[in-house]
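Residue numbers (full-length UniProt numbering), protein chains in the order written: chain V, 1 to 325; chain Z, 1 to 325.
It should be emphasised that the hints constitute simulated quantities derived from the structure, not laboratory data. Glycine residues also receive a C-beta, built at the ideal position from the N, C-alpha and C atoms. One or more of the hints may lead you astray.
Restraint-style ranges between C-beta atoms, simulated for each label pair [what the hints assert, rightly or not]: (1) V/Gly196 x Z/Asp166: 46 to 56 Å; (2) Z/Ala82 x V/Glu190: 51 to 61 Å; (3) Z/Phe117 x V/Glu195: 35 to 45 Å; (4) V/Gln53 x Z/Val113: 29 to 39 Å; (5) V/Glu190 x Z/Asn292: 51 to 61 Å; (6) Z/Asn292 x V/Pro112: 36 to 46 Å; (7) V/Lys75 x Z/Ala82: 18 to 28 Å.
Keeping only pairs whose Cα atoms sit at most 20 Å apart, straight-line, the calculated SDA-like set for lysine to any residue is [as the list claims (entries may be wrong)]: (8) Z/Lys88 x Z/Leu108; (9) Z/Lys162 x V/Ile160; (10) V/Lys99 x V/Pro114; (11) V/Lys248 x Z/Gln163; (12) Z/Lys75 x Z/Met263; (13) V/Lys88 x V/Asn123; (14) Z/Lys162 x V/Asn198; (15) V/Lys162 x Z/Lys88; (16) Z/Lys162 x V/Met301; (17) V/Lys162 x Z/Asn198; (18) V/Lys248 x V/Tyr274; (19) V/Lys118 x V/Trp105; (20) Z/Lys162 x V/Lys222; (21) V/Lys162 x Z/Met263; (22) Z/Lys162 x V/Asp166; (23) Z/Lys248 x Z/Val261; (24) V/Lys219 x V/Thr250; (25) V/Lys88 x V/Val122; (26) Z/Lys162 x V/Lys118; (27) Z/Lys75 x Z/Thr17; (28) V/Lys162 x Z/Arg252; (29) Z/Lys162 x V/Ser150; (30) Z/Lys88 x Z/Val122; (31) Z/Lys248 x Z/Ile177; (32) V/Lys162 x Z/Leu108; (33) V/Lys219 x V/Tyr274; (34) V/Lys162 x V/Leu104; (35) V/Lys162 x V/Ala151; (36) V/Lys88 x V/Ser150; (37) Z/Lys162 x V/Gln304; (38) V/Lys162 x Z/Pro114; (39) Z/Lys118 x Z/Ile100; (40) Z/Lys162 x V/Ala151.
Here's the letter readout for the chains.
2 protein chains.
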Amino acid sequence: MRICKLHGKIRFYFILTVLLLFIVGASLTALLPKVDHDEVGVLRRDSWPRQQQHSLADSFTIIMQTYNRTDLLLKLLNHYQAVPHLHKVIIVWNNIGEKIPRELWDSLGPHPVPIVFKEQTVNRMRNRLQFFPELETEAVLMLDDDTLVSAPDLVFSFSIWKQFPDQIVGFVPRKHISAPSGIYSYGSFELQNPEGGNGDKYSMVLIGAAFFHRTYLEKFQKLPSEVHSLIDETQNCDDIAMNFVVAKHTRRPSGVFVKPVDMRNHERDASSGYTGMWHRAEHLLQRSYCLNKLADIYGSMPLQYSNIMISQFGFPSYANHMSKN
Amino acid sequence: MRICKLHGKIRFYFILTVLLLFIVGASLTALLPKVDHDEVGVLRRDSWPRQQQHSLADSFTIIMQTYNRTDLLLKLLNHYQAVPHLHKVIIVWNNIGEKIPRELWDSLGPHPVPIVFKEQTVNRMRNRLQFFPELETEAVLMLDDDTLVSAPDLVFSFSIWKQFPDQIVGFVPRKHISAPSGIYSYGSFELQNPEGGNGDKYSMVLIGAAFFHRTYLEKFQKLPSEVHSLIDETQNCDDIAMNFVVAKHTRRPSGVFVKPVDMRNHERDASSGYTGMWHRAEHLLQRSYCLNKLADIYGSMPLQYSNIMISQFGFPSYANHMSKN
Numbered sequence: 001m002r003i004c005k006l007h008g009k010i011r012f013y014f015i016l017t018v019l020l021l022f023i024v025g026a027s028l029t030a031l032l033p034k035v036d037h038d039e040v041g042v043l044r045r046d047s048w049p050r051q052q053q054h055s056l057a058d059s060f061t062i063i064m065q066t067y068n069r070t071d072l073l074l075k076l077l078n079h080y081q082a083v084p085h086l087h088k089v090i091i092v093w094n095n096i097g098e099k100i101p102r103e104l105w106d107s108l109g110p111h112p113v114p115i116v117f118k119e120q121t122v123n124r125m126r127n128r129l130q131f132f133p134e135l136e137t138e139a140v141l142m143l144d145d146d147t148l149v150s151a152p153d154l155v156f157s158f159s160i161w162k163q164f165p166d167q168i169v170g171f172v173p174r175k176h177i178s179a180p181s182g183i184y185s186y187g188s189f190e191l192q193n194p195e196g197g198n199g200d201k202y203s204m205v206l207i208g209a210a211f212f213h214r215t216y217l218e219k220f221q222k223l224p225s226e227v228h229s230l231i232d233e234t235q236n237c238d239d240i241a242m243n244f245v246v247a248k249h250t251r252r253p254s255g256v257f258v259k260p261v262d263m264r265n266h267e268r269d270a271s272s273g274y275t276g277m278w279h280r281a282e283h284l285l286q287r288s289y290c291l292n293k294l295a296d297i298y299g300s301m302p303l304q305y306s307n308i309m310i311s312q313f314g315f316p317s318y319a320n321h322m323s324k325n
Numbered sequence: 001m002r003i004c005k006l007h008g009k010i011r012f013y014f015i016l017t018v019l020l021l022f023i024v025g026a027s028l029t030a031l032l033p034k035v036d037h038d039e040v041g042v043l044r045r046d047s048w049p050r051q052q053q054h055s056l057a058d059s060f061t062i063i064m065q066t067y068n069r070t071d072l073l074l075k076l077l078n079h080y081q082a083v084p085h086l087h088k089v090i091i092v093w094n095n096i097g098e099k100i101p102r103e104l105w106d107s108l109g110p111h112p113v114p115i116v117f118k119e120q121t122v123n124r125m126r127n128r129l130q131f132f133p134e135l136e137t138e139a140v141l142m143l144d145d146d147t148l149v150s151a152p153d154l155v156f157s158f159s160i161w162k163q164f165p166d167q168i169v170g171f172v173p174r175k176h177i178s179a180p181s182g183i184y185s186y187g188s189f190e191l192q193n194p195e196g197g198n199g200d201k202y203s204m205v206l207i208g209a210a211f212f213h214r215t216y217l218e219k220f221q222k223l224p225s226e227v228h229s230l231i232d233e234t235q236n237c238d239d240i241a242m243n244f245v246v247a248k249h250t251r252r253p254s255g256v257f258v259k260p261v262d263m264r265n266h267e268r269d270a271s272s273g274y275t276g277m278w279h280r281a282e283h284l285l286q287r288s289y290c291l292n293k294l295a296d297i298y299g300s301m302p303l304q305y306s307n308i309m310i311s312q313f314g315f316p317s318y319a320n321h322m323s324k325n
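My request is simple: use the sequences and hints to build the entire structure.
This is the structure we're talking about:
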């Protein structure tokens with residue numbers, strides 16, 4: 001009888017002890033300081049600040065035309081979908097008759113931003129300059145489907161575009177020169193004036209990596225049909241035409257050049273081996289040809305020169321603005 | 001008789017021959033192609049293009065205050081007098097009671113531009129911010145009397161100022177920070193936000209090497225007397241005050257920073273050994289003090305941040321804009 005009673009007491013105190021330990025343990029855990037996952041500056045895996053939501057006025061839309069480089073496109077999209085201030089991505093699908101990768105995209109969701117695939121009926125260079133109804137922001141970021149521009153470059157360049165909203169703000173400057181005969185020719189830095197001695201200048205900023213206002217898409221659509229025909233005939237020069245549109249409208253240099261810190265061309269990475277139109281033999285001569293045709297159509301040369309180069313103060317490091325002394 | 005006649009004939013034909021040679025020689029010389037001394041690109045001693053005359057709207061006036069560094073001043077003036085687009089030099093003479101070097105200057109004339117020495121009655125830092133009647137251009141280039149800025153830097157910066165005429169366009173960016181307590185402090189690049197990770201920013205461009213519009217001199221004169229007293233008390237902060245004036249007026253960042261290619265400080269070259277006010281122990285602390293006093297007087301902090309850094313495209317060489325790839 002005494003042994004049974006002892007068992008009962010032991011069981012009772014055992015259960016009581018367990019309960020007490022549990023209560024104490026739970027209390028202590030509740031009293032521990034909370035881990036704040038959004039705390040900036042703490043070097044822990046989950047402490048990178050969450051991206052902010054931005055208003056429509058403070059956002060931009062990527063318009064990216066693609067042809068024969070879907071693998072490259074998808075790789076780039078993993079980067080671009082996460083860039084701050086991005087509202088939406090519009091892919092201009094020039095792979096006529098080929099299925100868009102919608103299923104693949106959705107199966108790998110969710111994604112930071114919505115994407116729209118605009119399937120085209122004809123493979124045209126100027127397809128990307130349509131005024132897409134899905135475009136909700138004022139700012140367009142137009143990108144080639146083989147170019148990777150870093151997020152800091154894009155965010156900084158967007159901030160510059162907001163200060164020069166009627167110009168093309170981008171990373172690729174080019175120029176035209178005017179020969180004594182009055183004939184125009186197209187070039188880049190290698191065409192700087194050897195007798196100038198005062199640096200270089202540019203008269204165009206290419207739209208393969210640039211911000212511009214959506215209204216220029218409307219203006220492009222309203223251009224004389226000869227301009228559209230020229231672009232269709234060459235499958236080239238849509239960007240030169242856009243610079244003409246902007247220069248004519250603003251009566252100022254069409255572009256503002258922002259020097260990129262990290263912009264990379266991945267054309268060699270496409271599994272199709274397709275490296276883009278600019279490798280064609282006639283590509284550059286076409287662009288000179290376009291300059292003269294467009295000046296003819298416009299009745300004058302509206303392009304103006306600029307020599308402003310904008311960089312981000314103190315980025316990546318403050319060595320970028322330190323004087324010699 | 002026959003011999004005399006022969007002499008006569010010989011003399012006649014001799015004179016005729018000399019005359020003919022002279023006429024032929026003169027004609028040939030006149031027909032030689034003219035040597036154009038202004039021809040660009042020909043490597044001859046006298047072939048550097050002559051500087052152009054610029055309109056008042058396309059010119060600027062240097063205002064340079066000087067104290068105890070006349071030897072250095074005169075060395076700098078030989079450089080500055082020859083900078084393109086310069087209309088006139090105004091020297092604010094803070095060497096009270098000391099003769100201006102007018103005789104020396106005139107004896108070494110002629111000079112490319114006129115110079116005016118404004119003799120002051122009291123040695124004050126803010127003397128340079130008077131609205132001088134001799135000032136005819138809209139653009140003022142204010143320079144410290146120990147700083148040499150290259151001509152390309154100045155001409156480029158002037159072209160930038162013409163695009164941002166209501167801001168201070170110059171070569172020396174500085175910032176204020178706002179402590180959690182609401183107290184302001186003054187600094188430079190070493191004060192960039194370590195938790196930012198997104199480059200640096202500036203909220204002031206100092207007027208010791210900068211272009212600004214002449215109206216800001218008028219606005220400065222009209223500031224409350226407390227501001228003038230603050231500057232007189234510290235013999236400092238006139239440039240901070242000017243940035244407050246511009247920021248308040250434009251409701252934008254007061255300055256645009258142009259990265260200098262060749263700007264040198266010659267303070268160590270003054271024979272007087274005087275190296276300038278900024279070496280005083282209290283100088284930087286005074287500037288933080290001024291920020292707080294000015295914010296108090298203004299009732300708010302009007303200074304705004306910018307991270308735009310402007311450089312001249314392709315100068316000195318096109319390496320300055322070439323991407324990595």
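Each hint, compared with the structure:
1. V/Gly196 x Z/Asp166: 46 to 56 Å: For V/Gly196 and Z/Asp166 the Cβ distance comes to about 30 Å; the hint is violated.
2. Z/Ala82 x V/Glu190: 51 to 61 Å: Given range 51 to 61 Å: violated, Cβ gap about 32 Å.
3. Z/Phe117 x V/Glu195: 35 to 45 Å: Hint holds: Cβ distance 39 Å, inside 35 to 45 Å.
4. V/Gln53 x Z/Val113: 29 to 39 Å: violated, 57 Å
5. V/Glu190 x Z/Asn292: 51 to 61 Å: holds, 53 Å
6. Z/Asn292 x V/Pro112: 36 to 46 Å: Given a distance of about 42 Å, which is inside 36 to 46 Å, the answer is holds.
7. V/Lys75 x Z/Ala82: 18 to 28 Å: With a Cβ separation near 56 Å, V/Lys75 and Z/Ala82 fall outside 18 to 28 Å, so the hint is violated.
8. Z/Lys88 x Z/Leu108: holds, 17 Å
9. Z/Lys162 x V/Ile160: holds, 19 Å
10. V/Lys99 x V/Pro114: OK: V/Lys99 and V/Pro114 at ~18 Å, within 20 Å.
11. V/Lys248 x Z/Gln163: At roughly 19 Å apart (the allowed maximum being 20 Å), Z/Gln163 and V/Lys248 satisfy the hint.
12. Z/Lys75 x Z/Met263: Holds, at roughly 15 Å.
13. V/Lys88 x V/Asn123: violated, 23 Å
14. Z/Lys162 x V/Asn198: Holds, at roughly 18 Å.
15. V/Lys162 x Z/Lys88: With a Cα-Cα distance of about 37 Å, the restraint between V/Lys162 and Z/Lys88 is violated, given a limit of 20 Å.
16. Z/Lys162 x V/Met301: Distance of about 23 Å is beyond 20 Å: violated.
17. V/Lys162 x Z/Asn198: With a Cα-Cα distance of about 18 Å, the restraint between V/Lys162 and Z/Asn198 holds, given a limit of 20 Å.
18. V/Lys248 x V/Tyr274: violated, 35 Å
19. V/Lys118 x V/Trp105: Between V/Lys118 and V/Trp105 the Cα gap is close to 14 Å, so the pair holds against 20 Å.
20. Z/Lys162 x V/Lys222: Violated - the C-alpha atoms of V/Lys222 and Z/Lys162 are around 33 Å apart, more than 20 Å.
21. V/Lys162 x Z/Met263: Violated, because 31 Å separates the two Cα atoms, which is more than 20 Å.
22. Z/Lys162 x V/Asp166: Holds. Z/Lys162 to V/Asp166 sits at ~18 Å (cutoff 20 Å).
23. Z/Lys248 x Z/Val261: violated, 30 Å
24. V/Lys219 x V/Thr250: Within the cut-off at roughly 13 Å; holds.
25. V/Lys88 x V/Val122: violated, 24 Å
26. Z/Lys162 x V/Lys118: violated, 44 Å
27. Z/Lys75 x Z/Thr17: Violated: Z/Lys75 and Z/Thr17 sit about 60 Å apart, past 20 Å.
28. V/Lys162 x Z/Arg252: holds, 13 Å
29. Z/Lys162 x V/Ser150: violated, 32 Å
30. Z/Lys88 x Z/Val122: Judged against 20 Å, a Cα distance of about 24 Å means the pair is violated.
31. Z/Lys248 x Z/Ile177: Holds - the C-alpha atoms of Z/Ile177 and Z/Lys248 are around 18 Å apart, at most 20 Å.
32. V/Lys162 x Z/Leu108: violated, 52 Å
33. V/Lys219 x V/Tyr274: violated, 31 Å
34. V/Lys162 x V/Leu104: violated, 35 Å
35. V/Lys162 x V/Ala151: Cα-Cα ~17 Å, so holds.
36. V/Lys88 x V/Ser150: Cα-Cα ~17 Å, so holds.
37. Z/Lys162 x V/Gln304: OK: Z/Lys162 and V/Gln304 at ~16 Å, within 20 Å.
38. V/Lys162 x Z/Pro114: violated, 43 Å
39. Z/Lys118 x Z/Ile100: Since the Cα atoms of Z/Lys118 and Z/Ile100 sit roughly 9 Å apart, the hinted pair holds (cutoff 20 Å).
40. Z/Lys162 x V/Ala151: Given pair Z/Lys162, V/Ala151 is violated - Cα atoms ~32 Å apart, limit 20 Å.
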